[in-house]
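Novice: Next come the chains, spelled out residue by residue.
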Amino acid sequence: MTYLRNGWYCAGWGRQLGDKPQQRLFLGEPIVLFRRSNGAVVALGDRCPHRFAPLHEGRVQGDRIACPYHGLQFGADGRCQHNPHGDGKIPQAAAVRAYPIVEQQGALWIWMGDPALADPARILDISLFNRPAEYTTVVGHMLVRGHYQLVIDNLLDLTHAAYLHVDTLGAPPEQMLAPDRFKFEFREEAQMVEASYLFGGMPTPPQLQPFWPQASGDGRGVMRWHAPCNLSLSVSIDDPAHPEAGQYLQPSLHLLVPQDAQHTHYFFAVARNRYLDSADHSALIERDMRRAFEQEDEPMIQACQQLMGTPALFDLKPVLLPTDVAAVRARRLLDQLIAQEQRQP
Amino acid sequence: MTYLRNGWYCAGWGRQLGDKPQQRLFLGEPIVLFRRSNGAVVALGDRCPHRFAPLHEGRVQGDRIACPYHGLQFGADGRCQHNPHGDGKIPQAAAVRAYPIVEQQGALWIWMGDPALADPARILDISLFNRPAEYTTVVGHMLVRGHYQLVIDNLLDLTHAAYLHVDTLGAPPEQMLAPDRFKFEFREEAQMVEASYLFGGMPTPPQLQPFWPQASGDGRGVMRWHAPCNLSLSVSIDDPAHPEAGQYLQPSLHLLVPQDAQHTHYFFAVARNRYLDSADHSALIERDMRRAFEQEDEPMIQACQQLMGTPALFDLKPVLLPTDVAAVRARRLLDQLIAQEQRQP
Amino acid sequence: MTYLRNGWYCAGWGRQLGDKPQQRLFLGEPIVLFRRSNGAVVALGDRCPHRFAPLHEGRVQGDRIACPYHGLQFGADGRCQHNPHGDGKIPQAAAVRAYPIVEQQGALWIWMGDPALADPARILDISLFNRPAEYTTVVGHMLVRGHYQLVIDNLLDLTHAAYLHVDTLGAPPEQMLAPDRFKFEFREEAQMVEASYLFGGMPTPPQLQPFWPQASGDGRGVMRWHAPCNLSLSVSIDDPAHPEAGQYLQPSLHLLVPQDAQHTHYFFAVARNRYLDSADHSALIERDMRRAFEQEDEPMIQACQQLMGTPALFDLKPVLLPTDVAAVRARRLLDQLIAQEQRQP
Numbered sequence: 000m001t002y003l004r005n006g007w008y009c010a011g012w013g014r015q016l017g018d019k020p021q022q023r024l025f026l027g028e029p030i031v032l033f034r035r036s037n038g039a040v041v042a043l044g045d046r047c048p049h050r051f052a053p054l055h056e057g058r059v060q061g062d063r064i065a066c067p068y069h070g071l072q073f074g075a076d077g078r079c080q081h082n083p084h085g086d087g088k089i090p091q092a093a094a095v096r097a098y099p100i101v102e103q104q105g106a107l108w109i110w111m112g113d114p115a116l117a118d119p120a121r122i123l124d125i126s127l128f129n130r131p132a133e134y135t136t137v138v139g140h141m142l143v144r145g146h147y148q149l150v151i152d153n154l155l156d157l158t159h160a161a162y163l164h165v166d167t168l169g170a171p172p173e174q175m176l177a178p179d180r181f182k183f184e185f186r187e188e189a190q191m192v193e194a195s196y197l198f199g200g201m202p203t204p205p206q207l208q209p210f211w212p213q214a215s216g217d218g219r220g221v222m223r224w225h226a227p228c229n230l231s232l233s234v235s236i237d238d239p240a241h242p243e244a245g246q247y248l249q250p251s252l253h254l255l256v257p258q259d260a261q262h263t264h265y266f267f268a269v270a271r272n273r274y275l276d277s278a279d280h281s282a283l284i285e286r287d288m289r290r291a292f293e294q295e296d297e298p299m300i301q302a303c304q305q306l307m308g309t310p311a312l313f314d315l316k317p318v319l320l321p322t323d324v325a326a327v328r329a330r331r332l333l334d335q336l337i338a339q340e341q342r343q344p
Numbered sequence: 000m001t002y003l004r005n006g007w008y009c010a011g012w013g014r015q016l017g018d019k020p021q022q023r024l025f026l027g028e029p030i031v032l033f034r035r036s037n038g039a040v041v042a043l044g045d046r047c048p049h050r051f052a053p054l055h056e057g058r059v060q061g062d063r064i065a066c067p068y069h070g071l072q073f074g075a076d077g078r079c080q081h082n083p084h085g086d087g088k089i090p091q092a093a094a095v096r097a098y099p100i101v102e103q104q105g106a107l108w109i110w111m112g113d114p115a116l117a118d119p120a121r122i123l124d125i126s127l128f129n130r131p132a133e134y135t136t137v138v139g140h141m142l143v144r145g146h147y148q149l150v151i152d153n154l155l156d157l158t159h160a161a162y163l164h165v166d167t168l169g170a171p172p173e174q175m176l177a178p179d180r181f182k183f184e185f186r187e188e189a190q191m192v193e194a195s196y197l198f199g200g201m202p203t204p205p206q207l208q209p210f211w212p213q214a215s216g217d218g219r220g221v222m223r224w225h226a227p228c229n230l231s232l233s234v235s236i237d238d239p240a241h242p243e244a245g246q247y248l249q250p251s252l253h254l255l256v257p258q259d260a261q262h263t264h265y266f267f268a269v270a271r272n273r274y275l276d277s278a279d280h281s282a283l284i285e286r287d288m289r290r291a292f293e294q295e296d297e298p299m300i301q302a303c304q305q306l307m308g309t310p311a312l313f314d315l316k317p318v319l320l321p322t323d324v325a326a327v328r329a330r331r332l333l334d335q336l337i338a339q340e341q342r343q344p
Numbered sequence: 000m001t002y003l004r005n006g007w008y009c010a011g012w013g014r015q016l017g018d019k020p021q022q023r024l025f026l027g028e029p030i031v032l033f034r035r036s037n038g039a040v041v042a043l044g045d046r047c048p049h050r051f052a053p054l055h056e057g058r059v060q061g062d063r064i065a066c067p068y069h070g071l072q073f074g075a076d077g078r079c080q081h082n083p084h085g086d087g088k089i090p091q092a093a094a095v096r097a098y099p100i101v102e103q104q105g106a107l108w109i110w111m112g113d114p115a116l117a118d119p120a121r122i123l124d125i126s127l128f129n130r131p132a133e134y135t136t137v138v139g140h141m142l143v144r145g146h147y148q149l150v151i152d153n154l155l156d157l158t159h160a161a162y163l164h165v166d167t168l169g170a171p172p173e174q175m176l177a178p179d180r181f182k183f184e185f186r187e188e189a190q191m192v193e194a195s196y197l198f199g200g201m202p203t204p205p206q207l208q209p210f211w212p213q214a215s216g217d218g219r220g221v222m223r224w225h226a227p228c229n230l231s232l233s234v235s236i237d238d239p240a241h242p243e244a245g246q247y248l249q250p251s252l253h254l255l256v257p258q259d260a261q262h263t264h265y266f267f268a269v270a271r272n273r274y275l276d277s278a279d280h281s282a283l284i285e286r287d288m289r290r291a292f293e294q295e296d297e298p299m300i301q302a303c304q305q306l307m308g309t310p311a312l313f314d315l316k317p318v319l320l321p322t323d324v325a326a327v328r329a330r331r332l333l334d335q336l337i338a339q340e341q342r343q344p
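Chains as they are written, first to last, in numbering that gives the first Met the number 0: chain A, 0 to 344; chain B, 0 to 344; chain C, 0 to 344.
Any given hint could be a false lead.
Chain copies aren't distinguished; within one or between two, either way the pair holds.
With a straight-line cut-off of 25 Å between C-alpha atoms, the simulated DSS-like cross-links for lysine-lysine are [to be verified]:
| # | residue 1 | residue 2 |
| --- | --- | --- |
| 1 | Lys-316 | Lys-19 |
| 2 | Lys-182 | Lys-88 |
| 3 | Lys-316 | Lys-88 |
Simulated from the structure, these hints should not be mistaken for lab results.
Take these sequences, add in the hints, and give me the full structure.
Specialist: Structural data, given as structure tokens:
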């Protein structure tokens, strides 16, 4: 199993990491996250080098985490800093891996590759989700029983809303995908692909009705994938015939991290430009996000994964449709980046 | 894992396939069954060639089934007949496998091998189970956690009733297998083996008492295996000393389909020549069939399979007893048919 | 997976084997235990050589066990002694393996290797646990989801009580492992290693308070490992400043048998020299033993096993601490014994 290692992955939402250490499996590697006494986040390999106990079950003591089995303590740089046994000498090899990690705009970003290459300037700009005067944002986490590339495929092709989400986020295909109303555009950059969808005059999807009460509107969705696994979606609805209805904006983030070959962490953020102070509307958005994904997308992704029997999509010679271009390009770009990385010494 | 592909397997009972598509795994292959608008049954590969979604979760629209993920529609011949995306052009490769399937005498029969060789004349004659004036028939389905050849072994050797089914379908061995009362005969044909059992003057097994109230009788069981996996059993009880008691007849079908190396579909039919109009007696037969198989046979088959650790029985050099002859011959014949089929180009 | 075969393993406690046959998986081999009509214990391979049915589901009839599937009967020597089928002739190959087994001092001891080498004189002397005037003993069984060598590692290093058992069997490390109060000694013999611990003036651990009501005392623990997997622990507490408090003694046995590469049988016995007649104190000891092991040790062992990903500890180059010496020596000795055994023809 190969992943792109030199890239920033979302390790969670800052507000969801408190005093208790958190365990995560990223790219097949067990990691423990915790906060130092000054609040800074630390990411270490979650396996004590002594007896291979899980550090996340231990206690944070100041700037260190203590192994729950025999008490070795490790600092933010991963080195053992306290050995309670014998003469207390610290064996040379007593260290775990320390991962570069940055807290920025409410998100934690971890670098899984060569620390020397970790450049925080390359972290995705998500400042839009931290403008409380314009937007209210809901964040959350889901664990998907599916390969991360299947989740990216799913997100980049919004036409599936006309089938899989017809009762939640979409509308019937004859109204959503009719050639005279539907428009699809694609473009790509070095480590980004963008798929833009226009659903002209579509009936308002059930899950958007609390925010856009009109019976229909011009829906737009611009989905961007940024290597390795970070997606942003910009949704808008308006109605040129009724400019007084204004424009509903719902930007969202879909930040993925492979857990292993069969599972994917899915950190989401959904912002809205209406009902900024309504806790009810926030609860609705979180519930609906989970409902659409966990009850509609995830079972489908899981079923496809099982029927594929391999993560290597192209080996199965899939029949490709015009709207697959974005997903296919994202796969090709990621494959290139991984191959490139593995050629390096 | 090798199976005989060129053979008719039971795909279910016609009355149990309604408007909703049905998913089955036969010989390791995912298959979707559905009815066309004229009622005819269709069997297709259950994996869309686009993104490998399970077709059985889609809707039947007229003569086609629509993929639940992105809406491609497939007809009875397996070819895509509607593409709702882009210009609607249908890619050449957009097709799934179509399996020959026949509905006959209440059963569905599927051909898993070369369609050119599918000859409905070779389907097992089960017309006996469709003579309502003479018999009432109960049908059902079980999924067995065991290799299909272990289920065939189980069915062909009825002596196990004296041990495993002593409280349901059998009687204690000293009464059921005593040399002066018990008789066993065996014969075989090209693709059939037959094991005949006479249990003279045996106590009436508990599960037969509602149909044969006398305390004892001469029980007969003739079990036939037809390649690949279709078995029929003819059970009768009478008492020559009391001809006025008549004869109770209970013919049954045991139609197996390998699901995979560890599981077997078991479609059963049990007919009786008494209490033809009694729903209670029908319910009793179904309950007892399930009880004897699911609580007695299946756990034993599953335990043997686990202790064997391989489906290759003969590799384990089993100690064989005289009553194993039918099961051993059925295995040999099936092995020959499979070897023969695989030698063909 | 390799185990030491020529060694006595505990197969259970005699009082826990009654009339019903018992199934066990030892060293990956299915075994059935039952008592002959004279009460003597028999251990046979639990797989009928006919159709590979599990014998333990059959009935004991006098000195034999009958196969539940087709009725072959096997005696204490493993040979088939009754065939109810055909002419009743017993096939030459109809036999299962018979394992030497001895009932001694309340325990059952099984020999998994060459029967010619099984010398009962080499069985561990546990007579201490059968002196009712001095001690009352509680026995039990647990199945651990962990490799047996991880359980031995756990038992030989008592310092983990200061971390993992700080609320049950231990005390905080600064009180239990302080250099001026803590003393550790190690010695080894041919097939034995011994780790001795002195915890001077330690606070009485919560689970010992019902037996040693003083707030503190000098705790001693001497853990011995005897090849292959039999451990004994001698625990004592006294207080030289208060000789009138006497001495509380709690000897215990920790007899392990590998079930397979991931699971271990754990037969325990805990004796005490106080409250000999109190059923409440017996219940307390059993509950506490299970609580400490099942809620504290076992989850840790299981987590380490998962993080290791292999049973080969040394391949992972663990950082070793002074108190690991006993566990490391036991592993080395056992590895030598296994290598030696496998070199033999």
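Novice: Give a verdict on every hint.
Specialist: Evaluated hints:
1. Neither within a single protomer nor between protomers do Lys-316 and Lys-19 lie at most 25 Å apart by alpha-carbon distance, with minima of 46 Å and 29 Å respectively.
2. In this assembly of identical chains, Lys-182 and Lys-88 lie within 25 Å of each other by CA distance solely across copies; the values are 17 Å between and 68 Å within a copy.
3. In this assembly of identical chains, the alpha carbons of Lys-316 and Lys-88 lie at most 25 Å apart only when taken from different copies (18 Å versus 58 Å within one copy).
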